[in-house]
Every structure is written in C-alpha cells, then in structure tokens.
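Protein chains: 2
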Amino acid sequence: MTKRTLLACSLLAIFSGGFVMQASGEEAAQQGKLLRHVVLFQFKDGTSPEQVKEVEDAFRALPKKIDAIVDFEWGTDVSVENRADGFTHCFFVSFRNEKGREEYLPHPAHKEFGQLVRPRLEKVLVVDYWSRD
Amino acid sequence: MTKRTLLACSLLAIFSGGFVMQASGEEAAQQGKLLRHVVLFQFKDGTSPEQVKEVEDAFRALPKKIDAIVDFEWGTDVSVENRADGFTHCFFVSFRNEKGREEYLPHPAHKEFGQLVRPRLEKVLVVDYWSRD
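Residue numbers (the numbering used here), protein chains in the order written: chain X, 144 to 276; chain A, 144 to 276.
Since the hints were derived computationally from the structure, they do not count as laboratory data.
What you are looking at is a predicted structure, and each value in this text was computed from that prediction instead of being measured.
Accuracy of the hints is not assured; some may be wrong.
Stated by the list, open to error - Within a straight-line C-alpha distance of at most 30 Å, the following computed DSS-like cross-link-like pairs (lysine-lysine) qualify:
#1 196/A to 242/X
#2 208/X to 266/X
#3 176/X to 208/A
#4 208/A to 176/A
#5 242/A to 266/A
#6 187/X to 176/A
#7 176/A to 176/X
#8 176/X to 242/X
Could you build the full structure based on these sequences and the hints that come with them?
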C-alpha cells in the first residue's frame with residue numbers, strides 16, 4: 144500500500160465514521176444532547192385518587208431503580224387552552240443515548256411498573272426526541 | 144386593638160398568606176420550579192418538508208421574540224413503542240410562572256406564529272405542568 148493510498152483510506156474511514164455517527168443520532172448525544180421520553184397518561188374513569196397517587200409514586204421511584212434514567216420530572220396538567228385531549232399527567236424522562244432507552248424499556252422495574260399501571264389507564268401517549276435548541 | 148389581638152391578626156395574616164401562595168401554584172415557582180408547556184404537532188398530509196421546516200424555524204424563533212420563554216427545546220419523534228399517535232414534533236417551552244404564560248399566549252409574535260402554523264396542522268396537543276421531581 145502506497146503512502147497516498149494509506150492517506151486516502153484513512154480520510155475515507157474518518158469521513159464515513161463521521162457520517163455513521165450523525166445518521167445514528169449518537170452524535171447529538173456526544174454534543175451533550177439528551178434523548179427525551181415524554182409520556183402522557185389519561186386514567187380510566189373510576190380510578191381513585193389513591194390509585195392515581197400510587198402510579199405517580201411508582202413512576203417517581205423508577206429513576207432510583209434504573210440507572211439509565213439521567214433526568215426525571217413530572218406534573219399534572221394545568222394547561223388553559225383546552226387541547227390536552229383528556230391527558231392529565233406528563234412524565235418527562237431523559238436518557239443519555241439510545242443505549243439508555245434500550246436498557247430502560249425491558250428493565251424488570253419498568254415491566255413491573257407497567258403491570259401496575261396498564262389496567263388503570265384509559266390511554267397513553269409516548270413521544271421521544273433528541274433535545275435541540 | 145390589644146397587643147394580643149394584634150399578635151393574633153399578624154399570625155392569621157402570615158398563615159393565610161402562606162396558604163394562598165401554596166394554593167396558587169406560585170409557591171412552586173418560588174422554589175425554582177418551572178411551568179412546562181409541552182406542544183405536540185402532527186402535520187397534514189401533503190405538507191412539504193420545506194413547509195415543515197418553516198414551522199420548526201418559526202417556533203425556534205419565538206424565544207428570541209418573547210422574553211417570557213425562559214427555556215426552549217424541541218425535536219422530532221424517534222420513539223420505538225408506536226404510541227406517538229401520529230405526532231411527529233415536540234416543542235418543550237418553559238415559563239417562570241403563570242404570568243409568563245399569560246404574556247406568551249396572546250403575544251403578537253405567538254399569534255403570528257399561529258397563523259402560519261394552523262393551516263398546516265392535522266392536530267395539536269398541549270399539556271402544561273409544574274415541574275416536580
């Protein structure tokens with residue numbers, strides 16, 4: 144292999160490597176961006192305040208059980224535009240990258256939470272996004 | 144007014160003041176919590192990528208035009224659970240308090256944005272919450 148070929152190969156490797164990173168979304172992670180996981184709940188009619196509180200507390204307990212959750216907050220809807228479509232709860236979970244989400248979704252603590260929550264929910268909405276300015 | 148009455152009135156004022164603060168949600172603001180404003184968009188079929196980009200850029204321009212927006216981020220859906228219900232965009236806007244939201248909603252720049260966006264949207268969902276751990 145000539146020096147020129149070696150240089151060409153090296154440059155190709157650097158550029159294609161850069162491209163793959165960008166395509167996978169991992170580049171965003173490296174720039175300090177987080178993978179946001181927005182979860183909205185509407186509870187079934189007849190779910191008692193105690194049962195709702197139990198779900199809130201169970202979700203709030205997940206960050207202590209699942210290391211992949213690097214940031215967490217939640218709250219109940221106080222919007223004034225009448226566009227919440229029945230959703231009353233928003234949970235805002237952050238992962239460092241896709242690997243974090245891959246760890247979270249099948250995690251035993253998340254599965255156990257799902258079993259508690261699912262029978263009480265009228266509907267769920269989930270949107271994930273890479274945070275950008 | 145006796146000293147004792149004065150003391151009782153003072154205590155009553157202090158306690159009732161504290162209660163009003165708590166009830167209004169402003170207490171949360173004073174503890175450094177933010178009022179989160181989560182906006183989801185689904186565009187109408189046939190909206191071109193250029194038209195979508197124009198909406199993204201117009202939303203991104205709002206924090207520079209409206210001081211009440213103290214934090215802003217956005218992204219496009221990359222969820223893997225098939226629960227996004229057709230929503231493709233999430234915009235995550237933060238206000239310091241309800242006054243900030245009262246300033247934002249009728250702000251001329253927000254109204255102008257609405258006129259650009261509304262004809263292009265299939266649906267919108269808005270949930271606001273006070274951030275809590």
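Results of checking the hints against the structure:
{"no.": "1", "hint": "196/A to 242/X", "result": "29 Å, holds"}
{"no.": "2", "hint": "208/X to 266/X", "result": "25 Å, holds"}
{"no.": "3", "hint": "176/X to 208/A", "result": "24 Å, holds"}
{"no.": "4", "hint": "208/A to 176/A", "result": "23 Å, holds"}
{"no.": "5", "hint": "242/A to 266/A", "result": "27 Å, holds"}
{"no.": "6", "hint": "187/X to 176/A", "result": "29 Å, holds"}
{"no.": "7", "hint": "176/A to 176/X", "result": "21 Å, holds"}
{"no.": "8", "hint": "176/X to 242/X", "result": "14 Å, holds"}
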